[in-house]
Amino acid sequence: MPNDLPLAEQTPIVETPVAPASASSWLDNERVLGWGSVALVILVWEITTRATGVSPLYLPRPTQIVVALFGMFATGELHKDLLVTLWRIFVGFGIAIFVGTALGIWIATSVRVRAIADMFIAMLYPLPKVTLIPLLIIWLGTGGPFMLTISFLGAIFPIVINTVLGVRQCDPGLVLAARDLGATPQQIVRRVLLPSAIPSIFAGIRLGLGVSIILVVAAEMVVGKLGLGARLYLSGQILETEQVFAVLIVLATLGIVVTKVQDFIDVKLGRWRLA
Amino acid sequence: MSAAVAIEVEGLGLTFASQSEAPTIALQDVNCRFEPGKVTALIGPSGCGKSTLLQIARGFLNPTRGRLRFVEIASGKVAERPAMATVWQAFNLFPWLTVIENVAFGLELAGVPRAERDARARKAILAVDLNGFENKFPRQLSGGMRQRVGIARALVMEPEVLLLDEPFGALDAQTRLVLQEQLSKLVETSGTTAILVTHSIEEAILLADKIIVMSARPGRVCDQINVTLPRPRSYATTHEPEYAALFDRIYGQLRDEVMQAMIIESGGG
Ligand SMILES: Nc1ncnc2c1ncn2[C@@H]1O[C@H](COP(=O)(O)OP(=O)(O)OP(=O)(O)O)[C@@H](O)[C@H]1O
Ligand SMILES: [Mg+2]
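Residue numbers (the numbering used here), protein chains in the order written: chain A, 1 to 275; chain B, 276 to 544.
What the hints contain is simulated information worked out from the structure, not anything from laboratory work.
There may be inaccurate statements among the hints.
What the hints assert, rightly or not - Now the in silico label distances, taken between C-beta atoms and shown as ranges:
no., chain 1, residue 1, chain 2, residue 2, range
1, B, I538, A, F98, 53 to 59 angstroms
2, A, V113, B, G351, 46 to 52 angstroms
3, A, F98, B, R389, 26 to 32 angstroms
4, A, D118, B, G334, 30 to 36 angstroms
5, B, I300, A, V267, 47 to 53 angstroms
6, A, I265, B, P298, 46 to 52 angstroms
7, A, M119, B, F522, 55 to 61 angstroms
Just so we're clear, the structure is a prediction, and the values are computed from it rather than from any experiment.
For each residue, glycine too, the CB sits at the ideal point set by N, CA and C.
Only chain A is shown next, with the shape it has when bound in the complex (with noise of 0.2 angstroms):
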């Protein structure tokens, strides 16, 4: 069959510039610039703070920052405060994903369910969910169910409504196949819309984690004694602002990390994305 060849692997339409061959060509390089660039600001930055000898309750020097960093992951408190907040994230981050993914399949595909979630979520999600903080420390105390509900409530939202968008927009094409090959209700839930809302549901994954991350860091500030946010703010209370950026190079890193693991599943969920 001459005119029916096989379409080739995926060509990619975007076309990457190639690097001239001279001998400025690292300045094209976009890794080279962009490290290259922060290594500059933190020169600039060590240079200035001690020729202008500016007081490290102000500014430290970025010796200084790394230095205190190293002081306290030896004494291991921030092992400590680290492996709390992560806790804290992922373990109503996690029952989000779960109770999220269902409560959206549920809402998508009743018409009455929809009805009834639509005024809630239309009531709630606008709302800052940093708000809820003292109405839930009046009820759940600071210790861990607060700590635990708060992430809850900050991964949900977008995890519910990124599941309705994705099961909603499923090809009722697909749906109509599927029930002519025998498949029973339940077995389209799970072998037709689940999988072709997969992009979506990690779409609202990942802005749910971002959210929660946000949320436990700041409730953290507001009632802990434990945990990186309590950390940063107790570390300015008493102007050690050298631990004070060391906790924020730590809470940067781990938005790094989380990035690049979603990134990574993303790549490999790739044979979800429709043609």
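Given the coordinates of chain A, work out where chain B with the ligands should sit on it, guided by the hints.
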């Protein structure tokens, strides 16, 4: 395969109710019969209810009037709904499944053990000449290959009735010709009863034993023609005088109906 089952359609009507607009009468008093082991083509203007008729046969829609029955030829008794499978104009392959996973999907849903369903799926893939592409995803295939997956996915279920809703409507003319020949061989060897919805008179004549011509909406049967051209038919068949006569007869009826349909669509009906 169980006893031969014919499909009898009597006084069949279906009206789609609508809250905002006037109800759509998709089918009105349709009477026809689909013979077991034969290919029957349904041809008619766009919107005349061909897909609706297939959906009623498949059991996905209930008629508002009349009935569609399955009748056992030997005893003349009403039979259960036979095993059916559909080939779709838009292919409707699951994009996250490979070719073999798509083909084996229905067997998997039915709980057929892995080894057996793999073997059956491979046989079906071989039958549509797609061996070597088992582990490709649909997006890696051309349109013609995708529809061959669609055909394999339906035939692997060993349907007693095969529903084809404009299976080649989305393909170019050359691919179409090749697939038509392939399909007609497959249907012949499987002995399945087939209903083929098409907009192509040529396709209807080359593939069908009987052609049902439908009117513009509301859809009714305006002609039933037996095609007695010898098989196997191929492109050469189109040069036969009988082919020309059939073509003219169908075209004459369709022309009027299509004009009528265009008037309906532009708001005149
Ligand atoms: N679910 C539905 N609700 C309301 N109206 C419908 C529905 N499905 C089909 N119709 C209408 O019923 C009529 C017949 O539709 P059908 O899809 O059966 O036509 P068709 O003959 O298959 O057309 P085509 O050749 O374009 O595929 C059309 O006017 C269509 O708009
Ligand atoms: Mg149709």
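- Satisfaction of the hinted span 53 to 59 angstroms by the C-beta atoms belonging to I538 (chain B) and F98 (chain A): holds (55 angstroms)
- Is it true that the C-beta distance of I300 (chain B) to V267 (chain A) lies inside 47 to 53 angstroms, as the hint says? holds (51 angstroms)
- Message: Within 55 to 61 angstroms: is that where the Cβ-Cβ distance between M119 (chain A) and F522 (chain B) falls?
- Response: holds (60 angstroms)
- Item | G334 (chain B) and D118 (chain A) - C-beta distance against the hinted 30 to 36 angstroms | holds (32 angstroms)
- Consistency of beta-carbon spacing, P298 (chain B) to I265 (chain A), with hint 46 to 52 angstroms: Check passed, 49 angstroms falls within 46 to 52 angstroms.
- Task: Can you let me know if the beta-carbon spacing of V113 (chain A) and G351 (chain B) is within 46 to 52 angstroms?
- Result: Given about 48 angstroms between the Cβ atoms, the range holds.
- Should the hint that F98 (chain A) and R389 (chain B) are 26 to 32 angstroms apart at their CB atoms be regarded as holding? Hint holds: Cβ distance 28 angstroms, inside 26 to 32 angstroms.
In summary, the structure agrees with every hint in the numbered list given earlier.
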